[in-house]
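Visitor: Protein chains in written order, with the working numbering: chain A, 1 to 434; chain B, 1 to 274.
The hints are simulated quantities; they were obtained by calculation from the structure and are not laboratory data.
Careful: at least some of the hints might be erroneous.
[To be verified] In silico DSS-like cross-links for lysine-lysine, where the CA-CA straight-line distance does not exceed 30 Å:
| hint | chain 1 | residue 1 | chain 2 | residue 2 |
| --- | --- | --- | --- | --- |
| 1 | A | K188 | A | K200 |
| 2 | B | K44 | A | K185 |
| 3 | A | K188 | B | K44 |
| 4 | B | K44 | A | K186 |
| 5 | A | K249 | A | K402 |
| 6 | A | K402 | A | K185 |
| 7 | A | K200 | A | K186 |
| 8 | A | K372 | A | K418 |
| 9 | A | K202 | A | K249 |
| 10 | A | K402 | A | K200 |
| 11 | A | K372 | A | K402 |
| 12 | B | K128 | A | K38 |
| 13 | B | K44 | A | K249 |
| 14 | B | K44 | A | K202 |
| 15 | A | K202 | A | K402 |
| 16 | A | K200 | B | K44 |
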Amino acid sequence: MKKWWSATGLVAASAMMLAGCSGTDGGNGSSGDGEGGKTTLTAWAWNVNVGALNDAMEMYQEENPDVEIQVEDLGRLDVYDKLSTGLAAGGVGLPDIVLVEDDRIGGYATAFPDGFVNLSDMGFDDNADLFPSFKQELAQVDGSYYAMPFDAGPGGMFYRRGLFEQAGVNADEIETWDDFLEAGKKIKEETGAFAMPLDKFKDDPTFRMMLNQLGTYYFDENGNIDLTSDEAVMAMEKLIEFEEAELIKEVDGWNGVVSATVDNSVAAIPFGAWYYGTIIDQAADSSGDWGVFLLPAFEEGGNRASNLGGSSWMIPAGGENEEAAYEFLEYFSTTPEVQLVAMQDYGLFPSLNSTYEEELFTSEDEFFGGQKIWELFANQMADVETPYYTEDYAIGLDEAIKAQADAFNGMDPAEALKAAAERLAERTDREINN
Amino acid sequence: MKTQNKIKKVSLLVVLIIGALVSLFPFYWAAIGATNTSGSMFSKPPTLIPGSMLMENIRNLDESIGISRVMFNSLFIATTYTILALFICTMAAYAFAKFQFPGRNVIFTIFLLSMMVPYHATIIPLFKMMAALNWLNTYQAVILPNLAYPFAIFLMRQNLLAFPTSLIEAARIDGAGEWKIFFRIVLPSMKPALAATAIFLFLYQWNSFLWPLIALSTTDMYTFPVALSTLFGLSRIDYGQVMAGVTIATIPIIIFFLLLQRQFISGMLGSAVK
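Based on the provided sequences and hints, a complete structural model is requested.
Guide: Here it is, written out as structure tokens:
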């Protein structure tokens with residue numbers, strides 16, 4: 001017994017010492033000048049964006065050999081946990097560069113007005129025209145740029161060629177949601193497959209894409225609640241029409257959507273261009289069976305452009321390398337070659353307009369049956385309406401999902417949306433549009 | 001009478017076997033996932049037999065997160081934490097259980113009440129403190145803040161209450177010092193309780209996610225759960241890698257449990273017999 005405890009004591013003591021020592025090699029996350037006058041930028045990003053950032057730095061170094069980058073690979077939501085903590089603690093331990101999704105930019109810039117570098121002050125406005133108008137608007141707060149536009153998620157219906165053919169449906173002839181409803185019925189009858197998947201009670205991506213397509217969102221450009229608009233009601237009613245025709249497959253969360261995608265139980269999945277990567281990764285053995293068409297319009301000749309998702313770069317204020325970070329990010333965001341690498345190697349759909357002139361965007365994709373899908377996605381970018389997320393986006397999302405759940409549970413869509421708008425008004429102190 | 005007993009026994013066994021299968025299935029599913037391609041997680045009917053992708057998944061995972069480094073970080077943090085916390089919590093529990101001092105119950109109650117403070121509420125003050133100490137991204141930032149863990153103190157105190165005070169008094173009369181009494185007389189009889197608390201502390205630190213995520217900021221300092229979390233992109237997730245990672249992450253816990261199992265189970269039986 002005696003031995004056991006003295007051994008424990010020894011280990012404890014040495015552990016203490018080790019713990020004390022490790023502080024020196026850890027660094028503290030903030031950046032500084034490395035040896036030899038080199039500037040090391042630090043960045044937080046998730047998943048494939050890390051590779052894109054590193055590759056871009058390699059290209060950047062050809063002209064700027066004295067800059068380096070250290071990118072920390074974090075989970076997407078983990079970036080926000082760390083960013084919020086650091087900002088709330090008064091700007092400690094933050095990187096020089098951070099990737100933020102477009103629907104969060106407004107929230108961060110409003111909650112922490114001094115937390116991020118005002119890019120307009122550094123001259124970013126001159127570059128604004130290089131991007132589609134909705135990306136420009138999403139990167140601004142009160143008329144100043146706080147983010148540099150990066151990737152986007154132009155919308156599309158990813159569909160199974162096999163199921164469509166089996167039912168004798170031609171995807172090119174689907175122009176309106178009503179056309180798709182009819183096609184869906186035919187496909188269900190012939191093949192048993194549902195028209196689309198949806199997590200009816202937990203997420204509303206299809207509703208959001210429809211809203212975006214109709215030029216509205218949870219909020220309008222003045223920040224008023226727009227859930228009771230005719231467009232919003234029309235979108236929700238359309239979803240319910242699909243539900244009543246038993247064309248929506250109920251799935252559980254993201255994994256459920258992927259599962260339905262892989263097992264051939266849905267004929268189409270409405271999502272952003274980034275879903276391409278998921279399909280080729282998870283359904284690798286279904287090459288050639290896929291195609292894309294634009295989101296159907298609500299009326300013949302109506303708008304079919306939409307967007308779901310996308311992210312931008314922000315620079316936390318107070319770092320030593322603000323200037324260097326800005327210069328690198330400007331290079332990253334406005335250089336077509338960089339965006340092309342991000343697209344080709346990492347599947348990140350660019351929002352820099354000039355990239356669309358590259359050959360890739362007119363090439364055929366084998367996995368998608370030789371269709372020119374990138375051209376299809378790129379061509380709608382200029383027409384995408386701005387979704388007004390505001391800093392209350394998370395609350396808006398929460399209430400919209402509740403409205404969707406109510407509607408799928410049998411409540412009248414207009415009433416469900418009205419109730420949601422009222423709850424939203426209560427929670428955010430915003431006006432409801434009539 | 002005898003057959004009735006037998007039926008009882010058999011039906012109990014059946015229920016237990018079903019229970020065991022249900023609890024083991026997720027582990028089996030994860031292990032199977034680790035040996036197959038990412039997409040096969042979603043195939044119908046589900047893939048239930050091992051595939052041939054294990055080595056490739058592990059290789060990819062190693063490329064993504066650097067298995068040995070994060071495994072070392074996690075093991076070092078969890079082991080150091082368990083040893084230190086066990087030591088501190090046991091001493092605190094001994095004081096609460098066997099010493100008379102003014103305010104003893106008040107202090108103990110405050111300790112218990114502190115369990116009701118949501119952990120998230122402490123994150124930002126703790127982060128500021130670590131930043132002021134210049135300890136961000138160090139091992140001690142993860143190890144030190146939760147050393148005095150109220151539940152572990154509570155657990156040890158309850159066990160120590162059962163220790164006969166007369167034995168302590170007898171030792172005092174025989175001239176043993178307080179340290180000697182603690183180490184030579186009290187602790188040896190507490191091995192089952194110590195083992196249970198150690199397992200509890202180790203599990204707590206091994207699974208801990210939010211604070212290590214916030215406190216550690218470079219990839220080479222990440223713990224296993226934080227590193228695993230980086231595998232989840234917006235739309236691209238390699239489930240083969242994820243499942244390989246999850247499977248690997250459970251191995252140390254199983255080993256640790258097996259090491260202490262004998263102590264642990266004899267402790268449970270002991271209290272049952274008493």
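Visitor: Against each hint, give a clear statement of whether it holds in the structure.
Guide: Status of each hint after checking the structure:
no. : hint            : in the structure
1   : A:K188 / A:K200 : holds (19 Å)
2   : B:K44 / A:K185  : holds (24 Å)
3   : A:K188 / B:K44  : holds (19 Å)
4   : B:K44 / A:K186  : holds (24 Å)
5   : A:K249 / A:K402 : holds (18 Å)
6   : A:K402 / A:K185 : holds (27 Å)
7   : A:K200 / A:K186 : holds (23 Å)
8   : A:K372 / A:K418 : violated (41 Å)
9   : A:K202 / A:K249 : holds (14 Å)
10  : A:K402 / A:K200 : holds (10 Å)
11  : A:K372 / A:K402 : violated (38 Å)
12  : B:K128 / A:K38  : holds (29 Å)
13  : B:K44 / A:K249  : holds (16 Å)
14  : B:K44 / A:K202  : holds (24 Å)
15  : A:K202 / A:K402 : holds (8 Å)
16  : A:K200 / B:K44  : holds (22 Å)
Hint compliance for this structure: hints 8 and 11 are not met, and every other hint is.
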